[in-house]
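*Asks:* Protein chains in written order, with the numbering used here: chain Z, 1 to 474; chain D, 475 to 536.
None of these hints come from the bench; they were simulated from the model.
On a predicted model such as this, the values are computed, not experimentally measured, just so you know.
Do not take every clue at face value.
Taking lysine-lysine and the DSSO-like style, the derived pairs with C-alpha atoms no more than 30 Å apart in a straight line are [stated by the list, open to error]: (1) Z/Lys26 x D/Lys480; (2) Z/Lys177 x Z/Lys104; (3) D/Lys476 x Z/Lys28; (4) Z/Lys31 x D/Lys476; (5) D/Lys476 x Z/Lys26; (6) Z/Lys259 x Z/Lys344; (7) Z/Lys259 x D/Lys499; (8) Z/Lys259 x Z/Lys31; (9) D/Lys480 x Z/Lys259; (10) Z/Lys347 x Z/Lys260; (11) Z/Lys104 x Z/Lys457; (12) Z/Lys177 x D/Lys480; (13) Z/Lys177 x D/Lys476; (14) D/Lys499 x Z/Lys31; (15) Z/Lys177 x Z/Lys28; (16) Z/Lys28 x D/Lys499.
Examples of chain Z residues lying across from chain D (beta carbon under 8 Å, computed) [claimed, not checked]: (17) Pro199; (18) Leu201; (19) Thr204; (20) Gly310; (21) Val315; (22) Val318.
Beta carbons: idealized from backbone N, C-alpha and C, even for Gly.
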Amino acid sequence: MNQKQNLKQRLEAVNEYERTPIPKNKLKGWKSFIGTYAGEHTAGTEFVLGPLFVAHGASAGDLVSGLIVGNILAILSWAFFTGKVAVKTRTTLYYQLEKIAGNKFTIIYNLVNAALFCFLAGSMIAVSATAVGIPFNIQMPSLTDVYPNSVGWVITVFCIGTITTLVAMFGFNVISKFANIAALWMIMVFIAAAIGVLPRLGITSFSEFWPVAESTIWNGVPLEGQSKFTFWHIMFFSWFCNMGMHIGMADMSILRYAKKWTYGFSVSGGVFLGHFIAWMASGILYSLFLLESNGSLVFAPGPIAYEAAGITGAVCVVIAGWTTANPTLYRAGLAIQSINPKWKTWKVTLFVGLVTTIAACFPALVMQLLEFVALYGLILMPLGAVIFLDVFVLPKLGLASNYAELTNSRFNPAVGITWAIALVFCLGLNIYGGIEIFFLGLPGWFVAVLVYLAASKAIQKKVANTSTVSPLNY
Amino acid sequence: MKTLLKLISFLSLALTLLPSLLVMKEIISPELSKNIMLIGTITWFVSASFWMNKSEKEEAEG
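I would like the entire structure built from these sequences, with the hints used as guidance.
*Replies:* As structure tokens, this is what we get:
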């Protein structure tokens, strides 16, 4: 009984300031952000994204230069967009969006977010399954597989999906602490696995690396059925793969705790460890696999890592997939629960876990991860533009910020119109203009800006320019 | 005690990474490297779990 009361007291004591600005005494220093970002951006996805650049025939020069430029642009976006907005408002994306767009709109946004989270968690469960299936000699999916290719694969995915769901229901804090410990070790395993296989590519000193990288690892030739990637694909992908988090403003939830907006730059460590070193390392492993298997289309990060680093490599794939899938599943549950807070959290998490696990059975989800990650950012991007304009630009134009809160409205049509037009514009560019998904984020953002300004101007005509928000001075 | 645990942890991380450099220089075999990495991995998870995350009391104190 005492234990129950103690647990209840502890749960009630948790205050994440979901609906109030972060108090000044709760702000955090640099170290917290460096650690958080380093852990978050070295994840299971890295085992898939690095090889996909190889499969799409990126050349070594394009890959390195594209990743450097794209990652720098991503860091600048985190600092100048998310950091500035987060420190100015000190609220979560969800609450800020509710104040701007109304709670009816945020329900739609959360539903879309939950579906995207489910697919992302599903691909990570599939990545873990490729490692868990090793001792059972499970038939692995190939790059062109859309549907599950064996009963063993489905059973493995369901076992991992069940464990991941149960942990998300009962023990999320434990997994979060476990992920903190695993992050530093995972990056070491990524690097070690790649270095350890270099002699098999004919490299025994670092000076020999670049010529082999250009001729063998990233030789610029796409695999059969894969499109060719250029510098621009890589640059835009590395800039926009976390678009939902920076330009889409999801990381307001983290950076609202920052003492200064410049703490947004602390993502540098995470991005350059995860989206540079880890992508290159996993690309090296995959390239060797292609070489030694005579261009096999089988795609399984687990066996590839096992081959390179033994049990440690396989465990790393399982943990990397699991530590990404678990919080993602948890977030998906919370997003669904926001529709009706009376629904029990565990029941909602069980439901999203089932959806996620079914999705994970389909290898197409993992094989299309590059496109899916780009799509994820693209869908959330217009709302990031809305928040940025609402906080910094609308007051300068004599328009009101937080329009839904100000007018006590449940739906601000300006936001709905902006989201719809920006996405239809991007879809049109893709279908009729033949522009690939990686390049749509930039024009889409400018369209969102123009539409939101025009729609706000039209809708706010009759509203006095008053703000309900007291400015924060910290 | 915490300092000693940290020292063990970082040494075990080194055990995870350094063998691969020796494999690249063809000083040790890949099989030996994989075994050393596994020892480093086990030692890292055991030792780091004692100091890496804040205790509930520390968290409560902020």
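*Asks:* Each of the hints needs a verdict: does it hold here or not?
*Replies:* Against the structure, the hints:
no.	hint	verdict
1	Z/Lys26 x D/Lys480	holds, 28 Å
2	Z/Lys177 x Z/Lys104	violated, 35 Å
3	D/Lys476 x Z/Lys28	holds, 24 Å
4	Z/Lys31 x D/Lys476	holds, 19 Å
5	D/Lys476 x Z/Lys26	holds, 26 Å
6	Z/Lys259 x Z/Lys344	violated, 35 Å
7	Z/Lys259 x D/Lys499	violated, 46 Å
8	Z/Lys259 x Z/Lys31	holds, 12 Å
9	D/Lys480 x Z/Lys259	holds, 28 Å
10	Z/Lys347 x Z/Lys260	violated, 39 Å
11	Z/Lys104 x Z/Lys457	holds, 21 Å
12	Z/Lys177 x D/Lys480	holds, 17 Å
13	Z/Lys177 x D/Lys476	holds, 18 Å
14	D/Lys499 x Z/Lys31	violated, 36 Å
15	Z/Lys177 x Z/Lys28	holds, 18 Å
16	Z/Lys28 x D/Lys499	violated, 44 Å
17	Pro199	holds, 6 Å
18	Leu201	violated, 10 Å
19	Thr204	holds, 6 Å
20	Gly310	holds, 3 Å
21	Val315	holds, 7 Å
22	Val318	violated, 12 Å
In summary, the structure is inconsistent with hints 2, 6, 7, 10, 14, 16, 18 and 22 from the numbered list given earlier, while agreeing with the others.
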